[in-house]
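Below are the chains, spelled out letter by letter.
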Amino acid sequence: MNDENKAGQEENSEDRFRILVCIDGSDESYRGLKYAAKLGGGIDADIVLLYVRPIDQGLRSGGLQVDVARSNMLDWGLELPGIKYLKKGRDMLVELGVLGEDWEEQHFHSDVSGTTLGDNKIDYVSKNGKKVVLKLKVATDIASGVLDQWEIGRYDLIIVGASSRWKGGFKSFWDPAVAEKIVVHAPCSVIIARDLEAGNGHLICTDGSEAAMHTVRSDAYLASRCKCPISLIAVSHDIEGEEEAKANIEAARKELKGMGIDVVDAIVKVGNPVDEIIEAGPDYSLIVLADSGKSGLERFFMGSVAFKVMENAHNSVMIVR
Amino acid sequence: MIKRLGNVDSVTKVPKALSRAVPKTITKAVPRLLKRRKNYLYFWQKRWFFIALAVGWGLLSMPLPDGLTQQGMIILTMSIVATILFITEPVPLPTVALMIIVGQVFLMGVDSKEVAKSMMSDSVLFIMGSLMLAVAVVKQKLDTRIAWLLVRVTGTSTARIAFGISFVSGILASFVGEHTVAAMMLPVGITIIQLTSDDPKKVRNLAAVLLFSISYGCSVAGIGTPSGGARNAIMIGYWKEFFYDPTNPETFMFLIDYVHWMMYAYPLFLLQLPFVTMILLFTFRPEYRNLSRAIVKLRHKVEEQGKMKVGDWAAIIIFFITLLGWIFASSDYGMGTIAIFGAVIFLASGLVKWPDINSGVNWGVVLLYGAAISLGLQMMETGAAIWIAEHFLAILAPLGADSGIGLWAAVSALTTLVTNTMSNGAAVAVLGPIVLKLAVAADESPIVIGYITAISSAFAYLTVVGTPASTIVYASGYLKTTDFLKVGWKMALASTIIMLFGAAVYWPLLGV
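Quick mapping for you: the protein sequence lines, in order, are chains A and B.
The working numbering applies: residue 1 is where the first sequence begins, and numbers increase by one.
The working numbering applies: residue 1001 is where the second sequence begins, and numbers increase by one.
Do not rely on the hints blindly, as some may be mistaken.
Quick list of in silico lysine-lysine cross-link-like pairs, PhoX-like style, CA-CA up to 25 Å [said to hold, decoys possible]: (1) B:1201 <-> B:1297; (2) A:88 <-> B:1201; (3) B:1480 <-> A:84; (4) B:1297 <-> B:1307; (5) A:308 <-> B:1046; (6) A:38 <-> A:127; (7) A:88 <-> A:38; (8) B:1113 <-> B:1240; (9) B:1301 <-> B:1141; (10) B:1297 <-> B:1202; (11) A:269 <-> A:257; (12) B:1141 <-> A:84; (13) A:88 <-> A:121; (14) A:38 <-> A:227; (15) A:84 <-> B:1301; (16) B:1309 <-> B:1297; (17) B:1301 <-> B:1202; (18) B:1202 <-> A:87; (19) A:257 <-> A:308; (20) A:88 <-> B:1202; (21) B:1309 <-> B:1353; (22) A:227 <-> A:254; (23) B:1490 <-> B:1141; (24) B:1141 <-> B:1297; (25) A:88 <-> B:1480; (26) B:1201 <-> A:84; (27) A:87 <-> A:121; (28) A:38 <-> A:257; (29) A:87 <-> B:1201; (30) A:84 <-> B:1113; (31) A:84 <-> B:1202; (32) A:87 <-> B:1480; (33) B:1117 <-> B:1201.
Think of the hints as simulated: they come from the structure by calculation, not from any bench.
My request is simple: use the sequences and hints to build the entire structure.
Now the structure itself:
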């Protein structure tokens, strides 16, 4: 039915809205999936569920490949965690009505050396071309697996659960949390899901820059997909900047008006941007921020508002690119 | 279903102007952005490799510290760089092993023949052989038999099953190695959990108790015999290498054989077993006190398999021959040779296929152990080990931990810390020479300190990567990393106290 869809390769269609949801079996990842179902309910959207299994280094299991244990589990007729998680995600989509039981099902498999399972993919395609994909991928580590998947598929949005490890500063310095790594490197917008609940609307942060205006436009597009209300926030460091912040809000409001979208709340605050945004955040489903555009080195030394908010926020954050 | 789908379609109508305006700007910017990101990504992923090299270069260009030779400084630098690479993994781990070989020849000017020789010792042969045996044993599918025996003895109460699992896992693991038993028992544990309830949320605590019974049962057992873990074999190798002198009868005590090791360590393992179950039941409080439904189903499952076959018996017999070989002949022929011998019989008899062994053993790890031991030997020869030992002792002295039980606790804490970040075998290989020299400098028995190091390297209960059994059990997907923290510190505390008690009260009875 889809001619260009051959040998497990996803086609690169530019006019479809493609969402990549990273599933790791946690409740957070399934909340992310629910949100994806809301964003990607339309026929022009595809949802891809991805589970990445890191390749064994062997050292940690004392030189015995964990696969020996995995194949022993398979021999007992037990399902491996990755497949189980993905199937649970699929059942959720069916329950939500995004995935129909009559959709055409295609299986793909490609071997990866050194593992029993290799890469596995199940495509579900509806009659009007909408696709839901379950993918189990083997990669050196989870974040690279997710980023590799982007290379194949070109997604518009990646949804990933915030790792619980995030706040352990010491550990994450050695081995940056998966979510953080994905956000830093992904070429598209990323939602970090943290108690993600749909329905409370988006809070867009604006500082009047071109990147911020782009964020406003992009998020307007996204919010219209899920019919989420949009609010704006601008923070100035001191009283003198307050006027400018108000002007920034007005500019964004005008932009949205031009697209036919009404702004619910417009918040102007004075203080530390990171703290103010985090404080205002929990009233909304998502805090929306522009990628700072700083390079890695600058970010390393100075940090950026976007990254600090992302790390410390109490609810979900979307970085728009 | 279709009706609901129709609904969803109508919900998300995107204004046309919008859908056109945005994605175009995104797609246009992608190729340039992607290229920049790719370059950046490459260096970001390898950043620890460059940091490690920079640290190494910095250390080598520093003036020599007092009392350390140039050679000693190089080997010290190499171990620090290797440790950074071990922990951060910017390059595939076997690469580190290869770097150690290259570094010894190029940087230190050691003869390549010497380096090659130090790479493959009896300990490395033992690690290789026992890994092959591990795959062979797992492939025999004796797990169902073990499960059946287990539930026949324990009955259906959760607490008794939990103790039964850790007891059986422990006894087996003390001889076969913890990874083998963890791989074998994992399906047994999961089957019991799944037969109790399909919903993982309803059996979370039960799952934690049963699975931790496997992993901690195996971990505490790894200390029991020399074949229980690679680290034990490495320590035995170090004792012999460093202290044994064929012309001096007084040094014969440093030749530790299988039975000798068991006399010291096995009682400590047995003493820990009841604590495993108690701590687990106390920490997780399982949802079901009785698992009779699951056990009945499990019995049915096992009975489907029929009677024991000839191959099953043959596998058990071969394994017992190997075990007897270790106990009675390892001091003459080396533990490594006997492990290899066992693997030979399994392969020759056709009970296991070579491709299974080839894909089940991570050969890079064998290489890594070889390189780590070679590094350890160089640390010894160049005097780097004694230099660190003396400085470490100088730090401990003001704390009153430079002798006796204080020193033991310090060594144990150091080992526990290092093991939680890398594998326990590698930790012992790197720390071994240092702590043995520490014992000499502090006028303590190197045997006691050696045991303490080897045994506390099993106390990596806190992290998933700490012990092989934990890593394997974690792969089942039923446990969270936080579970390890929740129960791990209690286990580490209990184990350390039991070990120090053994070192202070029990070992003197054996005349150390």
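Taking the hints in turn, this is what the structure says about them:
Between residue 1201 (chain B) and residue 1297 (chain B) the alpha-carbon distance is near 21 Å, which keeps this suggested pair within the 25 Å criterion. Under the criterion of a C-alpha separation no larger than 25 Å, the hint pairing residue 88 (chain A) with residue 1201 (chain B) is consistent with the structure, at around 13 Å. Of the supplied pair hints, the one linking residue 1480 (chain B) and residue 84 (chain A) holds, its CA atoms being roughly 16 Å apart against a limit of 25 Å. The hinted pair formed by residue 1297 (chain B) and residue 1307 (chain B) meets the criterion: a straight-line CA distance of about 18 Å does not exceed 25 Å.
A hinted pair counts as satisfied when its Cα atoms are at most 25 Å apart, and residue 308 (chain A) with residue 1046 (chain B) qualifies at roughly 24 Å. Proximity of residue 38 (chain A) to residue 127 (chain A) is assessed by CA-CA distance (about 20 Å); at most 25 Å being required, the pair is judged to hold. Taking the CA atoms of residue 88 (chain A) and residue 38 (chain A), the gap is near 17 Å; set against the 25 Å cutoff, the hint holds. Of the pairs offered as hints, the one joining residue 1113 (chain B) and residue 1240 (chain B) holds, with about 21 Å between alpha carbons and a cut-off of 25 Å not exceeded.
The straight-line distance between the Cα atoms of residue 1301 (chain B) and residue 1141 (chain B) is roughly 14 Å, inside the 25 Å bound, and the hint therefore holds. At most 25 Å may separate the alpha-carbon atoms for a hinted pair to count; residue 1297 (chain B) and residue 1202 (chain B) meet this at roughly 19 Å. Taking the CA atoms of residue 269 (chain A) and residue 257 (chain A), the gap is near 22 Å; set against the 25 Å cutoff, the hint holds. Of the pairs offered as hints, the one joining residue 1141 (chain B) and residue 84 (chain A) holds, with about 24 Å between alpha carbons and a cut-off of 25 Å not exceeded.
For the given pair, residue 88 (chain A) sits about 15 Å from residue 121 (chain A) by alpha-carbon distance, which is consistent with the 25 Å threshold. Among the hinted pairs, residue 38 (chain A) with residue 227 (chain A) is consistent with the structure: their alpha-carbon atoms are about 9 Å apart, no more than 25 Å. As the CA atoms of residue 84 (chain A) and residue 1301 (chain B) are separated by approximately 22 Å, the hinted pair is consistent with the 25 Å bound. Annotation: proposed proximity of residue 1309 (chain B) to residue 1297 (chain B) holds, straight-line Cα distance about 22 Å (limit 25 Å).
With a CA separation close to 23 Å, the supplied pair residue 1301 (chain B) and residue 1202 (chain B) stays within the 25 Å bound. In summary, the hint linking residue 1202 (chain B) to residue 87 (chain A) is supported, as the alpha carbons are separated by about 19 Å, within the 25 Å threshold. Simply put, residue 257 (chain A) and residue 308 (chain A) have alpha-carbon atoms about 30 Å apart, too far for the 25 Å limit, and the pair is violated. Distance restraint check for residue 88 (chain A) and residue 1202 (chain B): the Cα-Cα separation of roughly 16 Å lies within the 25 Å cut-off, and the hinted pair is therefore satisfied.
Between residue 1309 (chain B) and residue 1353 (chain B) the alpha-carbon distance is near 18 Å, which keeps this suggested pair within the 25 Å criterion. Restraint check: the Cα-Cα separation between residue 227 (chain A) and residue 254 (chain A) comes to about 19 Å, which is no more than 25 Å; the hinted pair holds. Only pairs whose Cα atoms come within 25 Å are accepted, and residue 1490 (chain B) paired with residue 1141 (chain B) is rejected, the gap being roughly 34 Å. With a C-alpha separation of about 19 Å, the suggested pairing of residue 1141 (chain B) with residue 1297 (chain B) holds against the 25 Å cut-off.
Between residue 88 (chain A) and residue 1480 (chain B), the direct Cα distance comes to roughly 18 Å. Compliance with the 25 Å bound is thereby established for this hinted pair. Between the alpha carbons of residue 1201 (chain B) and residue 84 (chain A) the distance comes to roughly 14 Å, so the proposed pair stays at or under 25 Å and holds. Using a Cα cut-off of 25 Å, the hinted pair residue 87 (chain A) and residue 121 (chain A) holds, with the two alpha carbons roughly 12 Å apart. Proximity of residue 38 (chain A) to residue 257 (chain A) is assessed by CA-CA distance (about 24 Å); at most 25 Å being required, the pair is judged to hold.
Note on residue 87 (chain A) and residue 1201 (chain B): the hinted pairing holds, with a Cα-Cα distance of about 16 Å set against a maximum of 25 Å. With a C-alpha separation of about 51 Å, the suggested pair residue 84 (chain A) and residue 1113 (chain B) falls outside the 25 Å cut-off, and the hint is violated. Taking the CA atoms of residue 84 (chain A) and residue 1202 (chain B), the gap is near 16 Å; set against the 25 Å cutoff, the hint holds. Taking the CA atoms of residue 87 (chain A) and residue 1480 (chain B), the gap is about 20 Å. The hint holds against a cut of 25 Å.
This hinted pair does not check out: residue 1117 (chain B) and residue 1201 (chain B) have alpha carbons roughly 53 Å apart, beyond 25 Å.
When each numbered hint is compared with the structure, violations occur for hints 19, 23, 30, 33.
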